[in-house]
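**Student:** Next come the chains, spelled out residue by residue.
Number of protein chains: 2
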Amino acid sequence: MARSTRRDVILDCVIDLLASRGIQGVTHRAVDEVARLPPGSTSYYFSKKTALLIAASDHLANLLGKDCDEVQMGFAQRAARDGIEEAIGYVGSELVKYADVARHLFLARIELTMASSRDPDLSGVGARLTLAARRPIEFFLTLISGGRPDVPIETCAGLIDGITLMHVTGQGRMPTLAQITAVFAAVR
Amino acid sequence: MARSTRRDVILDCVIDLLASRGIQGVTHRAVDEVARLPPGSTSYYFSKKTALLIAASDHLANLLGKDCDEVQMGFAQRAARDGIEEAIGYVGSELVKYADVARHLFLARIELTMASSRDPDLSGVGARLTLAARRPIEFFLTLISGGRPDVPIETCAGLIDGITLMHVTGQGRMPTLAQITAVFAAVR
DNA sequence: AACTTTCCACTACAGGTGTAGAGGATGCCG
DNA sequence: CGGCATCCTCTACACCTGTAGTGGAAAGTT
Numbered sequence: 003m004a005r006s007t008r009r010d011v012i013l014d015c016v017i018d019l020l021a022s023r024g025i026q027g028v029t030h031r032a033v034d035e036v037a038r039l040p041p042g043s044t045s046y047y048f049s050k051k052t053a054l055l056i057a058a059s060d061h062l063a064n065l066l067g068k069d070c071d072e073v074q075m076g077f078a079q080r081a082a083r084d085g086i087e088e089a090i091g092y093v094g095s096e097l098v099k100y101a102d103v104a105r106h107l108f109l110a111r112i113e114l115t116m117a118s119s120r121d122p123d124l125s126g127v128g129a130r131l132t133l134a135a136r137r138p139i140e141f142f143l144t145l146i147s148g149g150r151p152d153v154p155i156e157t158c159a160g161l162i163d164g165i166t167l168m169h170v171t172g173q174g175r176m177p178t179l180a181q182i183t184a185v186f187a188a189v190r
Numbered sequence: 003m004a005r006s007t008r009r010d011v012i013l014d015c016v017i018d019l020l021a022s023r024g025i026q027g028v029t030h031r032a033v034d035e036v037a038r039l040p041p042g043s044t045s046y047y048f049s050k051k052t053a054l055l056i057a058a059s060d061h062l063a064n065l066l067g068k069d070c071d072e073v074q075m076g077f078a079q080r081a082a083r084d085g086i087e088e089a090i091g092y093v094g095s096e097l098v099k100y101a102d103v104a105r106h107l108f109l110a111r112i113e114l115t116m117a118s119s120r121d122p123d124l125s126g127v128g129a130r131l132t133l134a135a136r137r138p139i140e141f142f143l144t145l146i147s148g149g150r151p152d153v154p155i156e157t158c159a160g161l162i163d164g165i166t167l168m169h170v171t172g173q174g175r176m177p178t179l180a181q182i183t184a185v186f187a188a189v190r
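Protein chains in written order, with the working numbering: chain A, 3 to 190; chain B, 3 to 190.
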């Protein structure tokens, strides 16, 4: 499938390191260690750190995309089987849970987005990640607004990002479905 | 007043560096340079990097507190002079503008909060900063809710943080007063 | 004026970091 | 079997970073 699984192992570890130690914790040697690869491996695949971070961003965007696809498939199945209301509830609960189960993806995304706003070499990274992260929110929003295109995606995405950020940094409780849907419904 | 203004110059520069280059850009030598102090100065005042970051966090919390005080005084003045509605509008617009004028304070806070969630030596930093950042929001919320204590401060703070984060990293427009008040009013 | 204390500039150093490259194992083609 | 290409491991090195310490100016005290 993927030509080189070695690269993917490395990029997975970069994402883990971004989440657990921040961007300053991402060094070629640290990645080798976490990935249990011989020293120099990361340096071989991505000799420039910038290249490593860009590749990790793409990888992360893909992971986010896959998770979104999965939810959309789950929605379609449930909609056919249990009805639309039930299926929408499923999407909402997945959205809320995601803050917890994909904690490291979230933290890595924020870390990379902030880095990209400083470093011109990483330009484009932030936009790609933001797009990928918004897709599921946009999907949910479209569902509960009955397909109207004028829903304020920025407000809803901001809300989720902000609450999640406080949560994953230990500064607040997990977002709840009630909290999210109340706001989404209100601004719809 | 303060015994040593030198310390404050250093801490101001740490905050600037946090915003412009992230936590990995905060090195003793970089601070000396930005502060135009002889090499070794930062190292003399804060020999451990942890101590430097903790001091910068306190400094930042103070700055946030002062700005909040200012708005509260402005509110009191306006309330007496122009009426309560006018005064509330003032607070709201200050809140929204703050995302822009205090961009570097915001970025430094996020950077420090994320760092504190990883590094046990920085524990407490996140909580102090979160508290300081929430005070003005809490104030505004109390105003528009007529003093009821059950307003969901976490939701509103999350909303503002999330939208501001996207804005300051170049991923979204500036928050608008309409956006904020609509949500605040809705969840009230 | 001598002495002491405080404050600070400068230097030193051990480790970490980004990055390049040399050489070796492995497998493929003739 | 010999030659060649590919993939990788390991080493080297210049620079950066955190941190400690040394010596000397400035200021205050006796």
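Keep in mind the hints are simulated off the structure, nothing from the lab. Please read all numbers here as calculations on a predicted model, not as lab measurements. One or more hints might be untrue.
Below, in silico cross-link-like pairs of lysine-lysine (DSBU-like), each with a Cα-Cα straight-line distance of 30 Å or less [claimed, not checked]:
1) B/K68 / A/K51
2) A/K50 / A/K68
3) A/K51 / B/K51
4) B/K68 / B/K50
5) B/K68 / A/K50
6) B/K68 / B/K51
7) A/K99 / A/K50
8) A/K68 / A/K51
9) B/K50 / B/K99
**Student:** Compare the structure with each hint and give your call.
**Tutor:** Outcome of the hint check:
{"no.": "1", "hint": "B/K68 / A/K51", "verdict": "40 Å, violated"}
{"no.": "2", "hint": "A/K50 / A/K68", "verdict": "27 Å, holds"}
{"no.": "3", "hint": "A/K51 / B/K51", "verdict": "24 Å, holds"}
{"no.": "4", "hint": "B/K68 / B/K50", "verdict": "27 Å, holds"}
{"no.": "5", "hint": "B/K68 / A/K50", "verdict": "43 Å, violated"}
{"no.": "6", "hint": "B/K68 / B/K51", "verdict": "26 Å, holds"}
{"no.": "7", "hint": "A/K99 / A/K50", "verdict": "35 Å, violated"}
{"no.": "8", "hint": "A/K68 / A/K51", "verdict": "26 Å, holds"}
{"no.": "9", "hint": "B/K50 / B/K99", "verdict": "35 Å, violated"}
The structure fails hints 1, 5, 7 and 9 (numbered hints given earlier, in ascending order).
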